[in-house]
Structure formats: C-alpha cells, structure tokens
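Okay, here's what each chain looks like letter by letter:
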Amino acid sequence: MRQVNRKRPYARILPLLVIISVIVAATVTGCGTSTGSAAPASAAPAKQLVFYSAQGYDSAMAKAFQAKTGIQVKLVDDSTGKIVAKIDAERSNPHWDVAWFDGDSTMQGLDNEGMLLQNWTPKDVSNLTALGQSLVPADKAYYPASVTAAAAIGVNTKLLSPDQYPKDWRDLLTPVFKNSLAMNDPSISGPTYPYVAGIMDIMGTAQGKQYFQDLKANGLRVFPTNDNTLKALLAGQVKAVTIQDSALAAAEVKGDPIKIIYPSSGVFTLPGVIAINKNAPDMAAAKQFVEYVLSPAGQKVMADVKNGGGDSYFNPVINGIQPNPARQQSGINWVKVDPIKAAKDENSLKKWFHDNIVQ
Amino acid sequence: MITSSNKAEHTKAEHIGSRLRHWGSGAGDVPGAILLVVLIAYPLATLLGQALLPHLFSKPMSLLPSLAPLRSVFGSKLNLEALVNSLSIGLAEAVLAIALGSFSALALARVPRKVGVVLDAFIWVVFFVPSYVIAQGWVILMQDKGILAQLTGLPNGWSAWFFTRFGLVLIMGLRYFPYVHFGMQEALLHINQDLVQAGRAAGAGRRQIMTKIILPLLTPAWLAGGSIAFAEGFGDFGIAAAITPQAHIPMATYQIYASLSEAPVNYPAAAGMSMVVVLVTAAAIVLQFWWLKKRNYNTLSSAASRDPAGGSNRRSMAVGVAALLFVALFLPLGATLCASLWKTWSGGMSAGNWTLSHYFRALRLGGDGWQALGRSLEYSLVTAFLTMSMALVVGFQMSFKDSRLSRLLNILTMSVIAVPGIVLAASFIFAWNAVWLIPIHLVLYGTPVCLAMAYIASSLPYAIRLEVGAMSQLPANILKAAESFGARNRTVIRKIVLPLVRGTAISTFFMTFTGVMFELPASSLLYPPGQPTFSVLIQSKFDNFDWSGGAALTVIGLVVVFAAYGLGRCLVYYSARVRAEKAQQADRDMVPAAGG
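Protein chains in written order, with UniProt numbering: chain Z, 1 to 359; chain E, 1 to 596.
For the record, the hints were derived by calculation from the structure and aren't laboratory data.
Bear in mind the structure is a predicted one, so any value in this text is a computation, not a measurement.
Fair warning: there could be bad hints in the mix.
[Unchecked claim] List of simulated lysine-lysine pairs, BS3-like, C-alpha gap at most 25 Å: (1) 59(E) - 278(Z); (2) 145(E) - 158(Z); (3) 145(E) - 178(Z); (4) 140(Z) - 59(E).
With the sequences and hints as input, model every part of the structure.
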C-alpha cells in the first residue's frame with residue numbers, strides 16, 4: 001500500500017506547477033519593470049516621474065505637467081498618513097521622486113531623517129509672497145505651494161444665530177458650546193497636530209494645555225479624523241468644529257450650512273509643501289515638476305475647484321495669483337508655527353493630548 | 001477587508017490526518033510550506049523582526065538587536081489596557097457571532113428549500129459588503145439627528161447607549177456571524193443521523209437532541225467560525241473608529257495606528273504591538289486545537305440530513321432569519337444607499353434632498369475610473385483563481401499531513417487575520433523592496449505582482465480554513481477504500497477529493513474575488529504608481545469629503561460584485577444539472593443493457 005503512495009505525482013506536481021508559475025510570473029514582471037520604478041538603482045531610460053501626493057489637485061497637476069513636458073508622471077494619491085508611512089517603509093530603497101502634502105512639520109520630520117534634497121532653489125523662487133518666503137526652511141528642503149489654516153472654526157448655521165458665532169478660540173469655552181464642539185485626534189489625524197502645536201504657540205504651553213482641558217470640561221468631543229468630525233457637524237450632532245479650513249470649504253461649496261470663522265487671535269499656517277527625494281531616481285524631472293507647480297500655470301491648475309475640490313480653496317503664496325473668490329482671503333491673522341520646534345515636540349505633545357484630552 | 005466563510009472542522013481533519021499519517025511521506029508538504037513562507041511568513045518576519053532589530057531597514061542597515069521596542073510595548077500601561085479591551089471585545093463579539101450564526105444555520109436547515117436559498121444568498125451578501133459600508137451605515141442611521149431621529153423625531157442623546165462598546169460588539173457580531181453560519185451549515189449536512197436516531201429511540205426530546213447531540217457534534221464548526229470572528233474583532237480598527245469615536249476605547253489596533261502616525265513613523269513600535277496581537281491570536285487558536293483534541297468529533301456520515309419540522313415552526317424560523325438579515329444587512333446598507341442619493345449631507349432625509357446626480361457623476365468616471373475598475377476586476381479574477389488553487393493544495397496537505405510544519409503554518413496563517421491590514425501591507429514593502437533583492441532583480445514592490453501577492457496573502461488564510469473544513473468532511477474510509485483498490489493518489493485527488501470539495505473551492509473563489517474588489521490597505525500602500533485600483537478611487541472620494549460620491553461608487557462596485565456572484569452561482573447550478581442529467585442518462589443506458 002505504501003509503495004503505491006510513495007509515488008504521488010499529482011500531489012507533487014500540482015503545487016510545484018503553481019509555485020513555478022508564480023515565480024516565473026514574478027521574475028518576468030520583476031525584471032520587466034526593474035528598469036522602471038521598481039529598481040531605482042538602475043538609471044531609467046524613459047523620462048518619467050514618480051509622484052506621491054495627498055493633494056486633491058494632484059491628478060490634474062500630473063496630467064498638465066505631462067502634457068506640457070512629455071514626461072510621464074506616475075502618481076500615487078493617498079492620505080498624508082499613508083504617503084508618509086509608504087515613504088518611511090521605502091527608506092532603504094526609495095522609489096519616489098516628489099512628495100507633496102499639507103503640513104510642514106510632517107515634512108520636517110522626513111527632512112530630519114535625511115530623506116529630502118536640501119539646498120536646491122527653484123527658479124522664480126523670488127515670486128513667493130512674504131508669507132510664502134517665511135515658510136521656506138533654512139535648509140531649503142521643501143517649498144510651500146499653498147497655505148491653508150490648520151484649524152478654523154466651522155459652525156452649523158442652522159443651529160446657531162449669527163450673534164452666537166464665536167469670534168476667537170476662547171469663545172468656544174462659553175455655555176453655547178457645552179457638549180457641542182468637536183475636533184480631531186492629533187494622534188490619528190494629520191493636520192490636527194499643527195493646530196494643537198499652534199495653540200501652544202499663541203497661548204504658551206501651560207495655558208494652551210489648560211485651554212484644551214477647559215474645552216474638555218465644557219464637553220469637547222474628539223473624533224478620529226475630519227471624516228467623523230465633519231459628519232457630526234453636518235448631521236447637527238455638534239454646533240461647531242475646529243478643523244482644517246479647506247475641509248470646511250469643501251462642505252460649504254456643496255451647499256451644506258457651514259460658516260467658516262477665522263479666530264481673531266490667529267490661525268495656524270498649514271502649508272502644502274512639496275519636496276524632492278534626496279536620492280530621486282528621476283532627479284531632473286523632479287526639479288522641473290516642482291518649478292512647474294510654483295509657476296503661474298501650475299497654480300492655476302491648483303486653484304480650479306474642478307481639479308481640487310476643497311483643496312482648491314487655499315491662500316496663494318505666489319505673487320500675482322488670483323485666489324479662488326469663494327474663499328476668504330483678507331482679514332486672516334496668520335500665525336506661523338515653527339515646523340522644526342513642532343516636529344521636535346510632536347510625539348510628546350500628542351501623547352499629552354491623548355492621555356489628558358482624548359482619554 | 002477580505003470577507004470569507006469558514007467551514008473548518010479542524011480536529012476532524014487532524015484526526016483523519018493522524019490516521020493517514022503514513023498515507024504520504026517525505027517532502028509532500030514542502031510546496032505548500034514554500035508558498036506560505038513566500039506569501040506570509042517572510043513579509044511578516046521582515047516587519048515583526050523590527051521589534052527586535054529596529055534598524056533592519058535603516059540606511060545604513062544595522063543588525064544591532066534592541067529590546068527597546070518590546071520594552072516600550074510591554075512597559076506601557078495604556079498598551080496593556082488596549083490589549084485587554086481588544087480581547088474582551090473580540091471575545092464578546094465572537095460569542096454573539098456564534099449565537100447568531102448557529103441560529104441562522106440551524107434555522108435554514110429547517111426552512112423550505114426555496115426560502116432557504118434566498119435567505120442563504122442574502123447571508124452571502126452580508127459577507128460581501130465591505131465593513132466600512134456597514135459601519136458607516138449604522139452611524140448615519142443611529143447618530144443624533146441621524147436617519148432614525150429624522151424619521152421619528154427622537155431627541156439628541158437617544159442613541160448614546162449605541163455608541164459604546166455594547167454597540168460595537170453588536171455591530172461586529174452582526175457583521176461576522178456568517179463565518180459561523182457557513183461553517184455550521186456544511187457540518188450540519190453531515191451530522192451522523194444514526195446518533196440522532198439513537199437519541200430518539202432512547203426517548204430524547206427535540207431540545208435534548210439539540211443540546212446533547214447536535215450542538216456538541218458541531219463544536220468544531222462553531223469554534224472554527226467563532227475563532228475567525230474573534231480574530232477579526234480583535235484586529236479591528238475601522239468599525240471601532242466609526243462606532244465608538246468619542247467613547248474612545250483604546251484598542252490594540254488604535255495603538256498600532258498611533259505609532260504609524262508618529263513622526264517619524266514608528267514601525268518598530270507597530271511591530272512590537274503586532275507581535276503581541278499575533279501571539280494572542282495564535283494562543284487562542286492553539287487553545288481551540290487543544291480543546292477539540294480532547295474529544296472525538298469523527299462522526300461524519302455521507303447522507304445529507306434534513307430535519308423534518310412542523311409548518312408553523314418552519315415559518316417562524318424563516319421569519320427569525322429574515323429579521324436577523326433585516327438588522328444585519330438592510331438597515332446599514334439601506335442607510336448607505338439613502339446617503340448616496342442625498343444632495344447634501346446636512347439635508348438628510350428631507351424631501352428636496354434627493355438626487356441621482358452622484359450616480360451619473362460616478363458613471364461618468366472618465367477614462368481613469370473605468371481603467372481602475374477594469375484593473376480591479378483583473379486583480380480580482382487572477383488572485384481569486386490563484387488563491388483557490390493554492391488553498392486546495394495547502395488545505396489538502398494540512399488535512400492529510402499531520403506534520404509539525406503544517407500545524408505551525410496553520411497557526412501562523414490564522415494569526416495573520418488579526419494583524420491590521422495596513423501592517424500586513426507595510427510588511428510587503430519591507431519584504432519586497434529590501435536591498436538584498438536588488439542584485440537578484442527581485443524587487444517586486446511597485447509591480448502588480450507584489451500587490452497580487454498581498455491580496456493572496458490576505459485572503460489565503462480564510463480560503464485555507466474553508467478548504468480544510470470541507471476536506472475534513474471526507475470520510476477516511478472512502479480514501480482508504482480507493483487506496484485498497486489500488487488507486488494512485490492522483491486518482492484519489494481527482495476522482496474523490498476534488499469533486500467533493502468543488503463547492504467550497506468555488507466559494508473561496510468568490511470570496512477572494514469580492515474581497516479584492518474592496519480591499520483597501522494593501523491596495524493603497526502597494527499599487528504600482530499611476531495604476532490605482534477601484535478601492536483606492538473610492539477612498540480618495542471619501543478623503544476629499546465627497547461621501548455621497550464615494551457611496552455611489554461603492555454601490556456600483558457592489559452591483560458588479562453581485563452580478564459576478566450571481567453569474568457564478570448560475571454556472572455552478574447549471575453544471576451540476578448537466579452532470580446530474582448525464583448521470584441519469586448513464587443509468588438509463590445501463591438498465592436496458594442489463595435487461596438485454
């Protein structure tokens with residue numbers, strides 16, 4: 001009996017066939033693409049650009065750039081958190097050329113790890129506005145292409161009368177907002193950390209922490225991300241939220257009853273920053289792309305709501321660019337959050353927030 | 001998330017396996033082992049390894065070991081609390097899933113066949129619908145000023161009880177009961193009627209037969225389904241984030257996500273926490289094996305059974321399952337459907353707020369959208385086929401080879417279910433983008449192959465469990481009989497094993513097919529630049545606060561999936577009928593021959 005069973009051709013051949021076919025397919029495809037993005041160690045013959053981005057208008061920008069230059073743009077569009085996770089996981093063998101997302105302290109984190117091309121100056125850099133200039137780091141590792149507010153106050157106009165609208169951050173401590181204010185968890189939501197860091201900046205660390213604790217005592221709700229927070233506002237679960245202004249703008253233009261308020265003591269700059277990989281496989285194309293984004297033609301692509309949705313409601317940082325008229329431009333008191341300090345304090349401040357406010 | 005069912009009756013398999021220990025010998029389980037190593041063990045090792053070698057992927061690479069990541073995991077009180085929360089929620093939810101799944105399986109065995117087919121198909125739908133649709137649907141329905149409040153004028157705060165861990169357990173139980181249902185359903189067909197008859201003859205009542213004979217005999221089935229439900233709940237992030245956003249129950253996966261959003265991304269900490277998740281799940285599985293080993297469940301009979309029940313009882317059973325489906329499926333799916341038809345989110349259910357424009361917009365996807373849909377269909381078909389084949393091979397080996405290697409791999413593949421998808425996806429970057437692969441041109445990261453491998457890795461554990469379950473139904477006697485008539489293994493597999501597990505193989509195919517269509521973590525971290533999948537496209541709608549657009553795309557994707565599933569079912573039904581006709585024809589041919 002065993003003699004028969006020792007010969008088991010079928011049982012052995014079938015799995016082997018499967019494995020062989022997988023390995024063959026893998027090798028063929030692996031080799032086939034290794035001249036492209038898969039193995040940056042080898043020089044790419046065809047002109048291309050691998051572009052990681054979390055911006056709403058990235059796809060339109062990629063197409064416009066490709067049409068203008070003939071350089072093929074391969075886009076990976078995702079949330080900032082996933083883009084950064086991907087870049088960090090690739091760090092020993094990076095595939096990307098250009099990265100673009102909101103949040104200079106996050107980008108500063110990548111710079112601190114030595115991943116970004118430093119001391120490169122795009123042409124036309126003198127076109128940056130004063131606000132724009134102030135957002136360029138000393139080592140020139142990344143450039144601002146737009147500015148939004150890390151947090152503004154969004155109120156549901158169906159639930160509050162205009163005289164109840166808050167004017168500044170501290171107005172949110174009044175009984176009007178008892179159990180009716182929400183924000184995001186900075187440990188999970190990317191743009192929320194600059195907001196928390198910004199409050200510490202303008203109020204001082206001790207008072208800033210006290211402010212969040214007072215909000216908590218007034219019934220502040222902390223949701224994981226913009227998604228939950230904005231839905232809570234629209235459904236009427238809360239009367240006001242403090243989240244990134246472009247997210248509020250996105251809902252406002254769709255016809256939802258939202259009014260965006262920029263607190264008088266200041267809102268915190270959340271620049272959309274663009275950077276080049278220090279070991280970019282396609283360095284020349286990468287530089288050309290960043291220059292295109294900062295040019296008037298590129299800015300026009302960004303400001304078109306058809307391309308970027310809510311992300312198109314930004315404040316320009318390039319001189320002579322017409323901002324989207326639907327967005328408030330004047331009367332905003334911008335407070336610049338120092339990205340180097342913010343990046344340094346990030347983990348300890350997030351932990352404090354989690355232990356004292358979220359919990 | 002890959003949804004799937006489980007029909008594993010592992011111990012039965014092991015029992016037969018141990019009897020057949022000498023049935024095969026030598027290196028028979030090596031091919032399966034290689035598959036699992038390449039697809040699961042190696043990627044996971046590159047990630048979990050960072051818990052001990054935190055600089056494994058730094059530049060320059062360093063193999064300097066460090067206990068710091070593990071110390072930080074075990075030293076933190078919050079992590080401990082998170083683990084306890086995840087465990088208790090996973091357990092509670094698994095118990096609920098077992099109760100619901102047992103009820104639905106037992107009930108469907110009693111209702112009239114036609115009603116049963118319809119209800120069964122809807123349970124498959126519960127299975128297919130992506131978790132985020134269910135979770136989001138419940139939120140839209142239950143929140144203050146949500147759909148229910150709008151329809152009935154309930155005051156704010158009416159649903160506070162729901163957005164707690166009780167609501168979470170409830171939703172997860174409703175989400176994962178099909179695992180138990182499908183496991184039990186198969187096992188129920190093969191209950192040894194002799195034992196039931198014996199019980200009746202000894203004067204046992206209906207209730208006694210159920211509690212003393214049928215349910216104990218089904219232990220492997222509900223434990224196997226329950227263990228998947230546990231692993232799913234233990235490793236959940238999305239449902240908890242949606243249902244309990246403000247109650248904030250720290251769970252193990254929350255801690256993993258928080259370390260992934262640290263700056264720089266703290267992979268060693270995520271690895272340490274994931275390692276704990278894997279160990280706990282593995283311990284749960286080992287415990288289950290140990291529990292099953294103590295008893296003998298080898299009570300298979302080949303005769304299908306159908307318990308005769310009274311008419312009114314049948315009707316109430318059918319109504320019960322329909323009610324379960326109403327809560328588990330129609331409420332959340334209906335809420336999502338409504339939301340996809342709203343002009344504005346804040347407008348809610350008000351009369352003037354309805355539009356089809358999101359669907360028109362979604363169908364006018366443009367070239368990119370259709371390409372993404374086509375791409376996802378291609379991935380789905382290819383990975384479903386490969387997963388089905390591999391699960392057959394590995395399942396066969398696990399069922400009939402009781403080697404330590406296969407048992408270890410079995411535990412490992414199950415543990416993978418509890419690892420958050422994003423962690424498994426990141427591990428594929430580390431594994432297939434590693435510097436040591438550059439000289440041999442095997443940097444698969446960034447190619448479609450890498451994404452397909454990740455899809456297979458995340459669906460294989462479910463598929464294998466399903467195959468092992470189906471194969472454990474094969475009476476060892478048949479195989480032995482075939483053997484003693486001199487049949488070679490090839491013949492045994494082709495003529496006996498394959499025909500008997502055909503249905504399961506087809507189930508694993510559709511499970512993978514639909515899972516891949518909506519899979520997100522691996523898709524978004526691993527898709528080749530410039531070639532997004534359909535799920536990535538949907539997610540980018542949600543990321544840009546176009547919820548109605550995202551919901552409309554999801555519904556379109558679901559329609560595609562249902563169409564594929566319906567087509568598959570028709571094919572199976574048709575081929576079964578053709579086979580039956582052929583067999584009848586053969587019988588008819590035989591009779592005159594014998595008579596003449």
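(Q) Tell me if the straight-line CA distance from residue 140(Z) to residue 59(E) falls inside 25 Å. (A) OK: residue 140(Z) and residue 59(E) at ~22 Å, within 25 Å.
Q) residue 145(E) and residue 178(Z): Cα distance at most 25 Å? A) holds (17 Å)
Q: Decide if the proposed pair is consistent with the structure: residue 145(E) and residue 158(Z), CA atoms, cutoff 25 Å inclusive.
A: Holds - the C-alpha atoms of residue 158(Z) and residue 145(E) are around 13 Å apart, at most 25 Å.
Q.
Please verify whether residue 59(E) and residue 278(Z) have alpha carbons no more than 25 Å apart.
A. holds (13 Å)
Violation of the numbered hints given earlier is absent; every hint is satisfied by the structure.
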